[in-house]
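Colleague: Chains A and B are the protein sequences, given in the same order. Using UniProt numbering, you'd call the opening residue of the first sequence number 1 and step up by one each time. Using UniProt numbering, you'd call the opening residue of the second sequence number 1 and step up by one each time.
Take these hints with a grain of salt, some might be off.
As the list claims (entries may be wrong) - Going by beta-carbon spacing under 8 Å, a handful of chain B positions derived as facing chain A:
(1) I17
(2) K61
(3) V64
What the hints assert, rightly or not - According to the in silico footprint, chain B covers these stretches of chain A (three or more CB under 8 Å from chain B):
(4) 69-78
(5) 145-158
(6) 193-205
(7) 328-336
(8) 347-361
(9) 374-388
Since the hints were made in silico from the structure, they are not lab data. The structure presented is a predicted model; accordingly, all values stated were derived computationally and were not measured. Note that CB positions come from ideal geometry on N, CA and C, so glycine has one too.
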Amino acid sequence: MTDLTKLTIAEARDKLAARDFTATELTESYLGAIETGNEALNAYIAVTGDIAREQAKASDAKIAAGEARPLEGIPLGIKDLYATKGVHTQACSHILDGFKPEYESTVTQNLFDDGAVMLGKLNMDEFAMGSSNETSYYGNVVNPWRRNGSDTALVPGGSSGGSASAVAAHLCAAATASDTGGSIRQPAALTGTVGIKPTYGRCSRWGMVAFASSLDQAGPIGRTVRDNAILLKSMASVDAKDTTSVDAPVPNYEDFIGKSVKGMKIGIPKEYRMDGMPEEIEKLWQQGIAWLKEAGAEIVEISLPHTKYALPAYYIVAPAEASSNLARYDGVRYGLRVPGNDIVEMYENTRAAGFGDEVKRRVMIGTYVLSAGYYDAYYLKAQKVRTLIKQDFDTVWADGVDAILTPTTPDAAFAPGEITDPVTMYMNDVFTVTANMAGVPGISIPAGLNKDGLPLGLQLIGKPFDEGTLFQVGEVIEQAAGRFEPSTNWWSK
Amino acid sequence: MSVDLNTVKRVAGLARIKVDDAQAEKMTGELNVILGFVEQLNEVNVDGVEPMTSVVETTMKKRVDGQTDGGYADKVVSNAPVHEDNFFTVPKVVE
Chain A
1 MTDLTKLTIA
11 EARDKLAARD
21 FTATELTESY
31 LGAIETGNEA
41 LNAYIAVTGD
51 IAREQAKASD
61 AKIAAGEARP
71 LEGIPLGIKD
81 LYATKGVHTQ
91 ACSHILDGFK
101 PEYESTVTQN
111 LFDDGAVMLG
121 KLNMDEFAMG
131 SSNETSYYGN
141 VVNPWRRNGS
151 DTALVPGGSS
161 GGSASAVAAH
171 LCAAATASDT
181 GGSIRQPAAL
191 TGTVGIKPTY
201 GRCSRWGMVA
211 FASSLDQAGP
221 IGRTVRDNAI
231 LLKSMASVDA
241 KDTTSVDAPV
251 PNYEDFIGKS
261 VKGMKIGIPK
271 EYRMDGMPEE
281 IEKLWQQGIA
291 WLKEAGAEIV
301 EISLPHTKYA
311 LPAYYIVAPA
321 EASSNLARYD
331 GVRYGLRVPG
341 NDIVEMYENT
351 RAAGFGDEVK
361 RRVMIGTYVL
371 SAGYYDAYYL
381 KAQKVRTLIK
391 QDFDTVWADG
401 VDAILTPTTP
411 DAAFAPGEIT
421 DPVTMYMNDV
431 FTVTANMAGV
441 PGISIPAGLN
451 KDGLPLGLQL
461 IGKPFDEGTL
471 FQVGEVIEQA
481 AGRFEPSTNW
491 WSK
Chain B
1 MSVDLNTVKR
11 VAGLARIKVD
21 DAQAEKMTGE
31 LNVILGFVEQ
41 LNEVNVDGVE
51 PMTSVVETTM
61 KKRVDGQTDG
71 GYADKVVSNA
81 PVHEDNFFTV
91 PKVVE
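If we strip away everything but chain A, and leave its shape as in the complex, we get (with noise of 0.2 Å):
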């Protein structure tokens, strides 16, 4: 029966439409997996085998009755960032402690309608803050992926870890994930997964907790390229509850796989190299450009001019947004309260006690360059680097341009504790963040291994509302890269 976890959701779907085997039988798999291999992975931070075994056995009776809707029956792990009904919902922060909503999220409740199941609530970076998921509440996420001889515990990549952890160790067949500067991506190519980050305004951000909401945006963390344009055809809509959700027609995403990309013009953008990165992302990257040249891709050198100032410019817009959203924690009416004398007190108490370190250096941050003062010198000024940085990318469209390649990051998973320094922390999303800042879509695929045997990601940027060619693209570099799985599954016991 353990077999069944190795299937993608194409596989799966066809399978059951087959009656090869029941959407109970395929749940239970899963819910044996994650028995076995959680506790060494931390992936989940809460498991509804309840709500899965009701929804599965919902599943069972629409294959039945020929009514099986487009997920029917297909086990998802969802990030703890959410709001699910119900159901453990606190974006791993303290400060949420016993939260559980009365209401579900647009983009679960999409998943929910075409017939997912879900199997769990998944652990992240505390408020989506984090490149390795050493920051949630709920301790670190460990990499199902390991050094070449070495048990040394790696770091899955944040804030998605825990969905990049568990799609990679086949814990769900798919998970939802959220990125604000990289959080899809970077944990993808961390783990040997695909993900993607829509262009902004493609998915709801309603019922999602808040981080940086000019910059927030739904998607999904998968096995393959095809898996992931299933689940975002289901996870896009526009929604009366978002007003900068995007009222334009949601593509069949899985149309474009399998199309050729002959003749498409893909840039090559010269600002993404980096002092002291290792030469292997450099060779991925000129794989990655030969593979789409054999099939028939015309290569072109591009600049984005403005690259390197948009982490910097995100973090000034990305820790004020932040500062803004999080004021809504104050102990008065959800999560935790920690009693004071008069009011003041008790919010100072109450965020002291439930916010973690890098949470609240994120909000002292936003709180100072939104500060009188200093709003112009900082604030205006990093949204207008933020407007060159789309132009950037406008130009390059206006030339022909199809899509871009790039790595995903600078280099492959490392260990917790390592990296100390925040803003050395902050590099990891230096590839990824000029997506978010210019609303773009993004998309990593694993495309090789590093001399330690650990994962590496290729990125493909696009135009907006272009995710198709991303996948059609895309999939040309899974299928020249092949897929890649940990040698052994040391994490199931």
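Keeping the supplied structure of chain A fixed, place chain B upon it in accordance with the hints.
Modeller: The following block gives chain B in isolation, referenced to the frame of chain A:
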């Protein structure tokens, strides 16, 4: 620009986060590293550049000005750490 210990304590007050002297000291160093990092934006000429307001060109959506939801105060307060008769309860604010 950089921050000193007093500024950090003032900002912590604005952010409503209690910090003791040792924490404020540590934060001062960390915040200055981050502020030093963002300093490189000064190299960029932004004369005549409009600040970003929305990454997607869009006209503001408007909805009908009517009540579309509500009538469940019990659910609204259900997650509050302390609540009474469908009200949030806080320490006394007016003497």
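Colleague: Hint compliance check: list the failing hint numbers for this structure, sorted ascending.
Modeller: Numbers 3, 4 and 5, in rising order.
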